[in-house]
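Engineer: Residue strings, one per chain:
Number of protein chains: 2
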Amino acid sequence: MTLKALLHPASVAIVGASQNPQKIGGMPVRLLAELGYRGTIHLINPAAEEVQGRRAYPSLAALPTTPDLAIIAVPAPAVEAALRQAADKGIGAAIVLSSGFAEVGEAGAAAQQRLADIARGSGMTLLGPNCLGTMNLREQLFATFSPAPLAGRPEPGAVAIVSQSGAFGGYAFSLARAGGLGLSHWITTGNEAATSVADVIDALVDDDDTRVILAYIEGARDGRRLQQALRRARAAGKPVIVTKVGRTDAGARAAMSHTASLSGEDSVYQAVFDDTGAVRATTIEQMFRLGQAFATGTPPRGRRLGIITVSGGVGTLMADAASDAGLALPPLPVAVAAELKRRIPFCSTANPVDVTGQITATYEVMDFAAIEAARCGAYDGLVLFLAAAGGAAGFADKFENTVRLVREAAPGLSLAFSGIVSPDLRRRLQAHGCLVHEEPTHAIEAMAAMERWLAAGADAVAVPSPVPETQSAATAMPPKDLPSGLLNEVAGLAFLASQGIPAAPHRHVRDADAAVEAWRALGGQAVLKIVSPDLLHKSDVGGVRVGLRDEEELREACATIEACVAAKAPQARREGFLVARRLDPRVELMLGARWDPTFGPLVILGLGGVAVELEPRTSVLTAPTTPARVRARLQALGVLRRLGVWRGHAPIDETPIVETVLRFAALAAALGPGLRTMEINPLMVTEDGVAAADAVVELGPPPQDQPSATRQAQSDLP
Amino acid sequence: MTLKALLHPASVAIVGASQNPQKIGGMPVRLLAELGYRGTIHLINPAAEEVQGRRAYPSLAALPTTPDLAIIAVPAPAVEAALRQAADKGIGAAIVLSSGFAEVGEAGAAAQQRLADIARGSGMTLLGPNCLGTMNLREQLFATFSPAPLAGRPEPGAVAIVSQSGAFGGYAFSLARAGGLGLSHWITTGNEAATSVADVIDALVDDDDTRVILAYIEGARDGRRLQQALRRARAAGKPVIVTKVGRTDAGARAAMSHTASLSGEDSVYQAVFDDTGAVRATTIEQMFRLGQAFATGTPPRGRRLGIITVSGGVGTLMADAASDAGLALPPLPVAVAAELKRRIPFCSTANPVDVTGQITATYEVMDFAAIEAARCGAYDGLVLFLAAAGGAAGFADKFENTVRLVREAAPGLSLAFSGIVSPDLRRRLQAHGCLVHEEPTHAIEAMAAMERWLAAGADAVAVPSPVPETQSAATAMPPKDLPSGLLNEVAGLAFLASQGIPAAPHRHVRDADAAVEAWRALGGQAVLKIVSPDLLHKSDVGGVRVGLRDEEELREACATIEACVAAKAPQARREGFLVARRLDPRVELMLGARWDPTFGPLVILGLGGVAVELEPRTSVLTAPTTPARVRARLQALGVLRRLGVWRGHAPIDETPIVETVLRFAALAAALGPGLRTMEINPLMVTEDGVAAADAVVELGPPPQDQPSATRQAQSDLP
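Protein sequences appear in the order of chains G and R.
Residue 1 is where the first sequence starts when you use full-length UniProt numbering, and the numbers rise one by one after that.
Residue 1 is where the second sequence starts when you use full-length UniProt numbering, and the numbers rise one by one after that.
Do not rely on the hints blindly, as some may be mistaken.
DEER-style ranges, computed between Cβ atoms [unchecked claim]:
hint	chain 1	residue 1	chain 2	residue 2	range
1	R	Gly123	G	Gly433	54 to 62 angstroms
2	G	Gln635	R	Ser267	19 to 27 angstroms
3	R	Ala458	G	Gly433	50 to 58 angstroms
4	G	Glu551	R	Ala566	41 to 49 angstroms
5	G	Gln22	R	Pro331	29 to 37 angstroms
6	R	Ala151	G	Arg301	37 to 45 angstroms
7	G	Arg510	R	Thr655	52 to 60 angstroms
Cβ-to-Cβ under 8 angstroms is the rule here; a few derived chain R residues that face chain G [unchecked claim]:
hint	residue
8	Arg247
9	Ala281
10	Phe346
Calculated from the structure, these hints are not laboratory results.
These figures come from a predicted structure and were not determined experimentally.
Every residue gets a Cβ at the ideal spot worked out from N, C-alpha and C, and that includes glycine.
Assemble the whole structure, with the sequences as input and the hints as a guide.
Structural biologist: Okay, structure coming up:
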């Protein structure tokens with residue numbers, strides 16, 4: 001989807017062009033006429049021959065030529081006819097500014113659906129309705145009724161802003177203008193009848209004017225489309241800084257009360273951003289800061305940060321920030337440190353390097369330290385903190401020179417400058433590809449975000465195979481004749497085992513005699529459970545017993561379970577007992593999967609056992625997934641630490657966990673919409689590997705109106 | 001300590017006054033002469049009769065009168081003589097700008113100590129050496145060699161900045177100027193030979209020009225003095241916003257490499273800030289932001305926040321931020337919501353209230369919503385988000401009017417405005433006591449910080465009694481004949497029990513026969529341990545056995561323990577066995593105490609058992625402490641959640657834990673410097689209360705040069 005007619009129209013028609021520039025149909029006329037748009041402007045108004053001093057036509061049909069873009073600013077009831085005319089005329093794109101659609105209720109939603117149908121039927125791009133329009137800052141195209149551009153425009157630049165919300169879009173425009181952020185495009189998507197934020201991101205991937213994308217999302221109707229667009233952007237090396245509101249429960253409630261969109265669970269969005277290499281911002285200020293940084297600077301190729309400061313205390317503050325951000329502070333090479341010490345006896349040559357206020361007398365020492373740090377190869381990024389000196393006129397040339405010398409010495413190095421600078425010096429330093437942040441910790445934060453973005457690249461653009469390499473061909477795909485419905489635990493474990501996900505050793509037995517035999521065979525440490533396809537929570541009805549010490553206790557337990565279940569769940573089919581070896585795990589995990597109508601196959605990985613209730617710690621993965629993503633989640637969940645050496649335990653290799661999650665995710669992806677529920681809790685991790693100690697599996701036929709699971713999952717991949 | 005001569009001198013002498021205003025002795029002359037200081041200026045230079053066009057005297061002694069303040073700017077070797085002259089002259093305060101003291105090594109440290117001795121001997125206030133001096137913005141007193149004031153000064157205001165670091169101080173001065181933060185004083189303390197940041201905070205508590213204090217600390221030599229000053233400031237209702245660098249290990253390493261101060265453990269500083277109601281900032285920007293907020297606004301009297309926005313999406317973002325900050329978002333009263341809906345049918349009347357972009361047409365609805373929200377009593381704080389509208393000239397008067405109406409309707413309400421505003425409108429809104437933040441989440445953060453500060457007040461200024469009320473008089477104080485040295489576990493448990501801290505039921509026995517008898521008496525579920533005053537880690541030498549099922553196993557265990565300990569620790573005295581009932585705790589805690597030479601008595605509370613090694617979670621408390629502080633720590637550590645209802649457990653009341661921590665802290669405070677170590681790990685929490693299941697206690701005589709423990713601890717209290 002290139003959206004060329006929307007983003008770069010050579011001619012624009014305004015339907016509902018008004019004489020009054022304060023009106024929704026008048027403002028775009030004024031903005032296009034006054035602010036330098038060089039394409040052709042056509043005005044449509046059946047009641048006037050002239051509007052704002054320009055000729056007006058009675059209808060789109062009456063136009064002598066076909067414009068690229070129609071801006072529709074008529075009242076809601078007239079929009080459908082206007083859009084149909086645009087389609088009939090063969091216009092490439094339409095922006096519907098008018099409100100009164102899905103946001104006002106069911107009738108509006110139906111009207112909006114008709115707009116979408118018209119656009120789809122004619123191959124026309126439709127933006128809106130109920131949006132604030134677009135701007136192309138390079139082409140002075142202001143296809144909006146926001147008066148904001150009249151008060152001044154941001155510089156043309158390489159950053160595109162795409163916002164679902166018009167109010168946010170207007171605010172962002174003003175912030176960009178005030179903060180000196182150069183923009184390529186500004187696009188608001190409103191009700192998203194046909195064109196979503198994801199579609200716009202996808203189009204901007206192919207837009208040569210755009211190198212960085214700021215996206216503001218309230219909720220995505222098509223999560224797979226969002227994933228696809230973010231992955232394409234990452235593959236093209238265009239960072240997407242995304243603000244998705246509704247992180248917390250309170251926020252999600254607020255989002256539901258105000259938007260017509262489906263607001264998905266936040267952890268799912270987080271998974272999408274993590275897995276596609278998108279950069280999430282939690283404040284507006286941070287979104288702009290990171291946008292500016294990605295547009296200006298060089299991402300560090302690793303985590304080794306060098307800090308040179310004129311204030312030891314602020315150096316410490318930056319070291320704190322670097323540590324929080326996961327960056328390392330390797331020392332300066334010994335020879336460089338020695339020479340520095342010779343030049344300033346009281347400086348600190350550790351990293352942070354403190355050249356002290358001495359630079360006001362002998363500035364050369366800053367050049368020496370910075371150039372040597374750049375040249376020595378010990379650092380991927382370098383931050384210079386010059387405090388208030390940057391405000392003094394005499395130093396501006398010196399600073400710019402330092403930055404130029406550092407860039408020459410190490411062109412691939414990521415470089416940031418912090419301190420008070422004039423707007424002029426800021427621009428000069430930025431022109432050398434140097435980040436500039438008044439707050440020193442912001443320089444560290446930006447560099448860390450850029451490093452993560454770069455490092456995530458290879459994995460984010462990797463296409464995870466639905467069949468991981470670790471899985472044998474024999475178990476690659478679900479069997480042709482899938483079981484259906486809620487499986488009993490034995491069948492669930494067997495199904496998972498057929499896919500290469502091992503279970504704890506167990507036997508399915510019919511009666512107490514067989515249970516005793518199984519118990520002996522399993523070594524005398526076992527769990528006894530009722531088997532029934534009708535019982536999800538077996539322990540609630542007395543269907544589980546542990547700690548059985550001898551045959552007598554086992555027989556007694558069989559009888560008790562039968563009696564309890566019969567009494568408490570008389571409808572449940574009783575299909576004998578499961579006798580399973582009791583494992584002594586180092587860690588208990590939980591692993592679940594579901595098919596999300598918006599986002600497709602998802603996997604939930606978390607700490608299992610007591611943690612699930614007491615202090616839930618889970619993380620979502622989009623499926624299929626990759627080893628790097630699984631390892632990152634295991635790290636974040638604290639699982640890797642638990643597998644390490646503590647209290648005399650030998651370390652446990654995480655590879656079997658990673659492979660199990662890969663298989664589980666691949667299975668979820670392959671099952672597609674036929675997946676109702678899969679959950680393993682606990683998944684036991686021992687020194688011998690992993691084993692499912694319980695399984696809930698429910699499968700069903702995929703809904704009729706969806707393509708088959710596997711094709712669906714694969715069609716998402718770029 | 002009033003520091004009046006330092007903060008408000010009516011006359012100043014500059015020792016080492018130089019003709020060259022670029023020099024350390026010349027800049028203060030220029031600044032005082034040019035920038036409007038109205039006191040008397042005396043210049044001292046033995047080699048010149050005139051300096052920068054003013055008469056110079058050969059020495060302080062030669063002055064016809066006695067100035068209040070001497071600024072000493074001579075080279076390090078000449079400082080001592082100059083300071084002695086100042087003392088002889090009876091001068092009230094001296095600022096030593098010169099460097100070359102403790103920061104350059106031992107000889108410098110000795111010279112610095114002599115300066116401190118001179119000052120103490122004469123009752124003179126001494127600031128520095130190696131500091132950047134002071135400024136009094138109201139009195140145009142610039143007693144500094146920083147050239148920064150020449151480029152412009154911040155407005156006089158109610159915020160004081162005190163910084164240990166001169167480089168940071170200079171940076172902060174420029175930030176205050178650029179950010180429009182009004183200052184009263186600006187003070188840098190440098191090497192702190194005699195006057196520390198804590199001393200300055202203490203003096204500012206009594207300074208009428210100062211309402212808010214921004215403090216930058218690298219490390220405190222006298223932590224008890226810092227606690228005392230912070231507590232006095234809180235009692236006086238003057239917020240202290242403190243940046244203490246070295247939060248992380250990397251930061252602490254950086255701090256150690258550059259400062260001559262002792263940098264204490266960060267968690268101890270955090271405890272001090274928490275317990276005294278100081279507000280910690282982690283970035284410089286945040287310190288200024290919070291300083292401005294406290295200087296401008298009204299702290300909310302509770303956590304109920306109302307949000308009125310023109311953008312539903314940004315409302316959601318603010319709801320996220322409020323949730324992160326622990327603020328609640330109660331709904332608008334039904335009648336107000338209904339009236340709002342009548343006026344703007346498509347607005348959202350939940351909280352956040354979204355009045356939509358409609359306000360550009362009918363602004364009155366914003367007034368209605370804001371005033372009704374203020375008046376209804378449902379909120380402690382109100383945030384208005386107006387996006388970019390604030391930049392439009394036509395709206396400035398409307399906004400100011402809204403703010404005025406809200407202030408009239410509810411004078412005690414905390415009020416914040418977010419959006420783009422001109423500097424002029426910012427000042428106008430702030431004049432009404434309204435916070436102004438461009439970034440909406442910053443408004444939420446500031447309000448939450450003010451709420452926490454206000455709420456912490458009563459507890460922060462409370463003087464915790466060294467003898468908590470929950471403790472009976474009989475066990476109020478440590479026995480006169482304290483045991484000494486490392487106690488064996490039995491003695492340790494007995495000592496704690498004598499102070500009201502219960503132990504798990506146990507018996508101390510000499511041999512296996514007695515062990516069997518004790519085992520029976522304790523109900524047959526017991527832990528067996530060697531007793532020895534020489535073994536800190538008994539399990540390392542085979543000195544602990546659990547899971548003993550019968551008498552035979554117990555006898556065998558006694559023999560094995562004897563043999564193991566004799567083999568692995570032959571020097572250790574063996575004093576029989578401890579047989580202790582094995583408890584089944586809901587939660588295991590750890591509780592430790594130590595005497596810190598800088599901060600006095602400290603208590604460490606944390607999760608016990610496996611968590612100590614795997615995922616340590618601890619929190620420090622200054623001792624003695626209060627129930628509110630202990631409860632806050634239990635909440636933060638996740639203990640309260642573990643005591644709640646989960647997996648069918650009945651909830652456990654936390655009161656016995658709180659009382660035990662209070663007693664433990666009171667004991668630590670009473671023991672004073674005689675406390676070497678006290679540690680209980682684990683402290684078992686069961687439905688029946690708490691019980692120490694292990695104890696390490698080591699006591700010693702207090703060092704000779706310290707006052708007695710109890711007097712020391714009590715003398716800290718205000």
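Engineer: Now look at each hint and say whether the structure bears it out.
Structural biologist: Status of the hints after comparison with the structure:
Under the hint 54 to 62 angstroms, the C-beta atoms of R/Gly123 and G/Gly433, about 58 angstroms apart, fit the expected range. Range check, G/Gln635 to R/Ser267: about 24 angstroms between beta-carbon atoms, so the 19 to 27 angstroms window is met. R/Ala458 and G/Gly433 have their C-beta atoms about 53 angstroms apart, which keeps the hinted 50 to 58 angstroms range intact. Checked against the hint of 41 to 49 angstroms, the C-beta distance between G/Glu551 and R/Ala566 comes to roughly 42 angstroms, which is consistent with it.
Here the CB-CB span from G/Gln22 to R/Pro331 is close to 35 angstroms, well matched to the stated 29 to 37 angstroms. As the Cβ distance of R/Ala151 to G/Arg301 is approximately 39 angstroms, the hint placing it in 37 to 45 angstroms holds. With their beta carbons about 53 angstroms apart, G/Arg510 and R/Thr655 fall inside the hinted range of 52 to 60 angstroms. Taking 8 angstroms as the C-beta cut-off, the interface hint given for R/Arg247 holds, the closest approach to chain G being about 5 angstroms.
With 8 angstroms as the threshold, the beta carbon of R/Ala281 stays out of range of chain G, its nearest partner Cβ sitting at about 10 angstroms, so the hint is violated. For R/Phe346, the suggested interface contact is upheld, since its CB lies about 6 angstroms from the closest CB of chain G, less than 8 angstroms.
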